[in-house]
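Colleague: Quick note, the sequences are listed as chains A and B, same order. According to this note's numbering, the residues represented by the first sequence are 1 to 350, in order. According to this note's numbering, the residues represented by the second sequence are 1 to 350, in order.
Since the hints were derived computationally from the structure, they do not count as laboratory data. A quick note: this is a predicted structure, and the numbers were derived from the prediction, not measured. Where hints are given, some of them may not hold.
[Stated by the list, open to error] Under the rule of at most 20 Å between Cα atoms (straight-line distance), these lysine to any residue pairs were calculated in the SDA-like manner:
(1) B:210 to B:334
(2) B:52 to B:29
(3) B:196 to A:75
(4) B:278 to A:137
(5) A:190 to A:137
(6) A:330 to A:172
(7) A:196 to B:262
(8) B:278 to A:218
(9) A:120 to A:80
(10) A:247 to B:52
(11) A:278 to B:261
(12) B:247 to A:250
(13) B:247 to A:139
(14) B:254 to B:276
(15) B:275 to A:251
(16) B:116 to B:71
(17) B:36 to B:97
(18) A:275 to B:250
(19) B:275 to A:196
(20) B:196 to A:73
(21) B:276 to A:261
(22) A:247 to A:308
(23) A:247 to B:279
(24) A:276 to B:262
(25) A:276 to B:271
(26) A:278 to B:218
(27) A:278 to B:281
(28) A:197 to A:127
(29) B:278 to B:222
(30) A:254 to A:281
(31) A:278 to A:295
(32) B:190 to A:153
The residues making up each chain are set out below.
Protein chains: 2
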Amino acid sequence: MTEPLTLSIDAMGGDNAPDMVIEGIEASLAHLSKVKFLLFGDRAKLEPLLEKHPKAAAVSEIRHTDEAITNEQKVSTALRAGRNSSMRLAIDAVHSGEAAGVISAGNTGALMAMAKFVLKTLPGIDRPAIAGYYPTLQGESVMLDLGANVDCDADNLVQFAVMGEVFARNVLGIENPSIGILNVGAENLKGNEAVKKASALLQETTLPIKFHGFIEGDDIGRGVVDVVVTDGFTGNIALKTAEGTAKMFGEFLKQALTGSLISKLGALMARSALKKFKMRVDPRLYNGAMFLGLNGICIKSHGGTDAYGFSKAIHVAEEMISHSFNEVIKEDYAQLSGHSREMKEAVVGE
Amino acid sequence: MTEPLTLSIDAMGGDNAPDMVIEGIEASLAHLSKVKFLLFGDRAKLEPLLEKHPKAAAVSEIRHTDEAITNEQKVSTALRAGRNSSMRLAIDAVHSGEAAGVISAGNTGALMAMAKFVLKTLPGIDRPAIAGYYPTLQGESVMLDLGANVDCDADNLVQFAVMGEVFARNVLGIENPSIGILNVGAENLKGNEAVKKASALLQETTLPIKFHGFIEGDDIGRGVVDVVVTDGFTGNIALKTAEGTAKMFGEFLKQALTGSLISKLGALMARSALKKFKMRVDPRLYNGAMFLGLNGICIKSHGGTDAYGFSKAIHVAEEMISHSFNEVIKEDYAQLSGHSREMKEAVVGE
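Extracted from the complex, chain A is given alone in its bound form (with noise of 0.2 Å):
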């Protein structure tokens, strides 16, 4: 028999926690066996909530801790004076060993901070970067960095390309994935001074990378790469944008179909499509945001998500465990960070 795979989780982040937390871990078992949970948080909160989730109780262990970070609270106090809280102790547990990896819908920034103090990059990574599933008319892409780093030189957006590369062939299974960095036109004379020369170090590199090029804004819900490099600030506001303009346009359709007799007949002949339709492009679906370039694996949730949408992000770390992401990305790292060396090197010296 082999040994449960254990994840540490942040029972007391989100806006919605501990309750979602706990229906997200019963909601996860459906799909997941031999799993074990650390759970830190107030056992107070803790313990009745287990009571009516027997199957989450099974699997479950509490960790108590009165502390917990909160959506307000600054990075550098979090960092500070955080260390027994919910998130830090969730941490902590996954660069001891104790667990292979650690949830957390609570403070972004604050998670990220605790994450790269505690569990440190991995060697060649100046950087950590937050990939998330993006989805596609080709199926779904990778984005990275969706707000971990407003500021990004060319050397920042070769390491997330070769990070996302890595994860695109490792954990979503594609053979030979293809890159783009994100840009206001596809023309190389066009964007900022960082895209234009991380353009340059991957066309000159003979680095085993299938570096498509710049793409445009619309160029993601193509489908046109499988892994769209950005850096933070810009891929925080794209995906927020996309996620706006999701909401708007599903009000829009509601207010259409609900706006005359006919119509709602029509929407009620179509309901299991429309209901489809819904699935398809639900954001929970996505939820699970990749803290890439750790040691060790670090899954943010969204904050607002419900328990339906944190056990999405449970099996995100479930993935990325199964597929020994991490100790894939040493190896490849390793390899490809000699091959940007040399290239880097190439392009400076012309």
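Following the hints, put chain B in place on chain A, whose structure we already have.
Modeller: Showing chain B alone in chain A's frame:
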């Protein structure tokens, strides 16, 4: 009898030019009267088209030129060698006072560079910006910059805020429009240096401007503010990402509704509602990006648009002219930038 409004048209700009240009003029006449068009382009191509569109012909005058700017042309080449191009001559007509505004569906970079070179910027404006309408749950917002300036500092963003405010107040008729700066979070501590400094300047200001603060990507579609201020890199990518998301949604919806006989029947019953929905999110409705900050009205139509879209761009020009946008902005801006200087000195002096 009042003088007709004269608009100059780059008849050779755009993927489907000159056909869609002439058809667009014809379509615009359903809503415009007392208008006259100066058509810059190839007479041999334009004359047969005008014969087929007698209404357009009656209000158009061809100004022949063989030369046109292509989409592939570099901005520097267009500026240097494009003096007799249809685009350049159409802009010249605004500069000479013969036309009140120019519309082109050609190369965006070349149009902006030529318009800036020929028309010059308004006093106090370092860089013109591209502004566009954005549909929201509340109606519509104005967003700028959409791609004229890939790198922006805090002063540029403050100038965009002021121009956007004047636009929303005078052209959209919003009494006290609210302004937001696009960022990765709503808190003051978030974001890059440019947005943080611009926000500080606008917060401290005695300007009669309703500054909302930072907004996030999903606040755009929600209609949280009337004017969305951002740098051209982020703005271009956010807008195109929204367009791409809209297209993806439309495609998913179509696939769902044509998936079975019963859903097809339902869609048929709801067809007038679905048509209304489609019309509400039709990107052609929002065609016509405004170049703000120039000594003259210059409108950029989407390169791939059709006649309906081009007619909308003509309307945008007509609207800006009939609201005396450039006269008002000159007055308002002089007043506001006086405030702005004072306030900047105050902040810098701290």
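Colleague: Is residue 275 of chain A within 20 Å of residue 250 of chain B, Cα to Cα?
Modeller: holds (15 Å)
Colleague: Verify the proposed pairing of residue 276 of chain A with residue 262 of chain B, using a straight-line Cα cut of 20 Å.
Modeller: holds (14 Å)
Colleague: Given the hint that residue 247 of chain A pairs with residue 308 of chain A, does the C-alpha gap stay at or below 20 Å?
Modeller: Judged against 20 Å, a Cα distance of about 18 Å means the pair holds.
Colleague: Going straight from one Cα to the other, do residue 278 of chain B and residue 222 of chain B come out at no more than 20 Å?
Modeller: holds (19 Å)
Colleague: Would you check the hint for residue 247 of chain A and residue 52 of chain B, treating anything up to 20 Å between C-alpha atoms as holding?
Modeller: violated (43 Å)
Colleague: Assess, step by step, whether the Cα of residue 276 of chain B is no farther than 20 Å from the Cα of residue 261 of chain A, and give holds or violated.
Modeller: holds (15 Å)
Colleague: Check the hint pairing residue 247 of chain B with residue 250 of chain A against an upper bound of 20 Å on the C-alpha distance.
Modeller: Holds - the C-alpha atoms of residue 250 of chain A and residue 247 of chain B are around 13 Å apart, at most 20 Å.
Colleague: Keeping to a limit of 20 Å between CA atoms, is the pair of residue 52 of chain B and residue 29 of chain B held or broken?
Modeller: At roughly 15 Å apart (the allowed maximum being 20 Å), residue 29 of chain B and residue 52 of chain B satisfy the hint.
Colleague: Below or equal to 20 Å on CA atoms is what counts here, so check residue 190 of chain A against residue 137 of chain A.
Modeller: Violated, at roughly 26 Å.
Colleague: Would you mind confirming whether the straight-line C-alpha gap from residue 197 of chain A to residue 127 of chain A stays at or under 20 Å?
Modeller: holds (18 Å)
Colleague: Going straight from one Cα to the other, do residue 210 of chain B and residue 334 of chain B come out at no more than 20 Å?
Modeller: Satisfied, since the Cα-Cα distance of roughly 18 Å is no more than 20 Å.
Colleague: Check whether the Cα positions of residue 247 of chain A and residue 279 of chain B lie no farther apart than 20 Å.
Modeller: holds (17 Å)
In summary, the structure is inconsistent with hints 5, 7, 10, 19, 31 from the numbered list given earlier, while agreeing with the others.
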